[in-house]
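S.K.: All chains should be modelled from the sequences, with the hints used to inform the complete structure.
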Amino acid sequence: MAKITLDKLRHSYMAHPSGPQDYALKELNIDWQEGGAYALLGPSGCGKSTLLNIISGLLVPSEGRILFNDRDVTELPPDQRNIAQVFQFPVIYDTMSVYDNLAFPLRNRGIDESRVRTRVEEIAAMLDVTEMLRVRAANLSPDNKQKISMGRGLVREDVNVIMFDEPLTVIDPHLKWKLRSKLKELHHRVRATMIYVTHDQTEALTFADQVVVMQDGEVVQIGTPVDLFDRPQHTFVGHFIGSPGMNVLPCEVREGRAFVAGHDVPLEGAATPGEGWTEVGIRPEFVSLGATGLPATVRKVSDLGRHSVVEAMLGDTRVNAIVEGEVPGQGEAVHLTFRPDQTRLYRDGWIASEKGRAA
Amino acid sequence: MRKVNQKGWLFVLPVVILVAFNALIPMMTVVNYSVQETFGDNVFFWHGLGWFEDILRSDRFQAALGRQAFFTFLILIIEVPLGVIIALSMPRKGFWVPVCLVTMALPMLIPWNVVGAMWNIFTLPDIGLLGYFLNHVLGVSYDMTQNPTAAWVTIITMDVWHWTSLVVLLCYAGLVSIPDAYYQAAKIDGASNWAVFRYIQLPKMKQVLTIAVLLRFMDSFNVYTEPFVLTGGGPGNSTTLLSIDLVKIALGQFDLGPAAAMSLIYFAITLFASWLFYTLMTRHDVK
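Protein chains in written order, with the numbering used here: chain G, 1 to 359; chain R, 360 to 646.
The hints are simulated quantities; they were obtained by calculation from the structure and are not laboratory data.
Every residue, glycine too, gets a C-beta built ideally from N, C-alpha and C.
Treat the hints loosely; a few may be bogus.
As the list claims (entries may be wrong) - Label-pair ranges, simulated between beta-carbon atoms:
no., chain 1, residue 1, chain 2, residue 2, range
1, G, V135, R, I437, 33 to 41 Å
2, R, Y542, G, D158, 17 to 25 Å
3, R, V363, G, E113, 51 to 59 Å
4, R, L610, G, V135, 51 to 59 Å
5, R, P450, G, R117, 36 to 44 Å
6, G, R107, R, I570, 26 to 34 Å
7, R, L433, G, N139, 34 to 42 Å
8, G, G329, R, V363, 56 to 64 Å
As the list claims (entries may be wrong) - To spell it out: a stretch of chain R is covered by chain G in this simulated footprint if at least three of its residues, at any positions, have a beta carbon under 8 Å from a beta carbon of chain G; those stretches are:
no., stretch
9, 535–544
10, 549–557
M.R.: Structure (structure tokens):
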């Protein structure tokens with residue numbers, strides 16, 4: 001187990017990057033504690049796999065350092081870093097039995113056969129694959145293959161970190177849930193540092209204690225799932241997390257107050273000073289329909305069972321509201337109210353309202 | 360009992376007819392000759408399995424079969440590992456990929472008899488590039504029309520030059536289909552280069568390798584044109600392979616009975632060996 005530090009890390013796939021746009025990964029400074037469960041969340045192409053490959057040693061970063069327990073490992077190849085990685089597609093050695101697959105990383109390191117046996121049996125029991133140990137790995141179903149890939153990571157006792165690169169991509173939806181909870185359970189049992197890369201918010205939020213949200217090679221926010229939901233530091237996080245995502249409405253700021261389409265919208269706190277493009281962000285959970293408030297027209301109502309999502313047009317801007325109970329009909333005029341302590345101000349995408357102190 | 364739809368046979372029928380006319384019926388005439396004897400004038404009479412017995416007992420057939428088996432053995436033992444090694448060392452990405460592929464494919468594009476003629480001239484001791492170089496520059500006595508060893512070295516080298524590419528290209532196709540994640544996982548698992556080859560590359564190449572071995576077996580076991588053009592079976596009978604001997608008996612001596620019996624034996628051996636290779640190489644495959 002190890003603490004992982006990323007120190008001024010940058011990476012470009014080009015030999016001579018000329019500006020920030022040439023970097024697949026912009027400057028990163030992250031500290032990951034020993035034994036934590038972390039997720040890297042972001043859309044495809046945001047640089048999360050690049051970061052993963054840098055941590056595992058498959059890629060050497062252009063700049064910066066990676067430290068495992070304060071030891072610089074930046075230049076070390078993967079096998080000397082003592083890490084484990086589970087890939088998007090299950091990687092198994094077809095011609096070997098499940099037992100030999102699990103034993104492979106240990107045998108390559110010259111570990112005593114009796115020790116190999118106890119470890120493999122232990123891990124097999126943890127993964128519920130004991131009865132498959134004698135089966136040829138090629139004959140397994142995809143979810144079991146992926147379990148074996150995970151098992152090869154868990155079987156070594158001294159791994160610094162186990163990394164998961166979108167490991168549930170090829171798994172059937174009904175098995176995803178099972179594997180996900182298995183993973184969570186494994187983390188509690190082995191207490192290894194785990195990093196989970198995904199573009200699926202549910203996977204990230206259910207697995208991780210801390211989520212790193214990335215966009216365009218940049219970390220936008222690091223926080224607990226609750227932090228990300230409650231106070232997104234960037235409108236991107238607001239959009240990306242939540243279903244539907246945060247409503248973002250262009251606004252004008254005058255004397256510390258925000259005006260959306262000419263109406264005064266109370267914020268959670270004072271606007272920080274500064275110039276730029278301003279927007280108000282509010283989650284659909286905190287938008288309510290009532291007799292007073294911002295006038296809007298209902299465009300669409302989706303019944304999701306437990307609640308409905310009402311899509312209303314405020315001028316040209318779309319606002320989603322999650323409503324329980326009675327919903328208005330399509331085309332009806334409604335009034336929207338935003339819960340003030342959940343209404344944030346964003347300037348050029350970044351949060352610009354102070355927490356808690358009303359203006 | 361479950362009713363089985365038999366209509367499928369109708370769809371196979373055209374192929375059956377086609378194969379019947381271009382393979383089965385002509386082969387039946389061979390079977391016909393193989394059990395008859397003639398004293399000329401187109402008068403034939405029943406000879407039973409006499410020709411088969413004669414052929415199987417004849418020293419000439421056994422010697423030719425031995426040479427044929429030795430030839431095929433050498434071809435497989437050289438071309439298959441060599442092909443795998445070349446495929447492994449070829450680049451997987453970048454500018455050199457098409458260059459390598461085209462270079463590899465070139466020998467296979469040359470017609471068989473041209474290959475024979477090319478190598479014949481290439482190895483002539485007085486004017487051939489290789490022959491002259493060996494005899495007059497290196498001072499090695501080399502003349503494949505005189506020396507059986509030289510003749511053997513030449514036909515083997517020629518076949519390796521001509522057909523190793525087939526193994527290379529098939530293996531290469533198998534290799535490039537392996538996702539990077541396998542190599543990355545192996546690195547992380549601490550696998551040695553040998554383990555990567557043994558547990559990742561070889562299993563992934565197995566299917567194409569099976570085809571490569573089968574094709575190289577059948578082609579080398581039935582080879583005729585190249586050695587015939589190159590050595591004509593000589594010096595003496597030292598490079599007279601089964602196919603060359605068969606043509607001598609059938610068209611040179613016009614002994615149709617023995618030639619027919621020999622053809623069938625030849626065919627049976629090829630078929631049996633191909634079946635054996637295929638069964639052995641696919642016995643562990645997942646159904």
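S.K.: Under the constraints set out in the numbered hints, which ones does this structure not fulfil?
M.R.: Those not satisfied: there are none.
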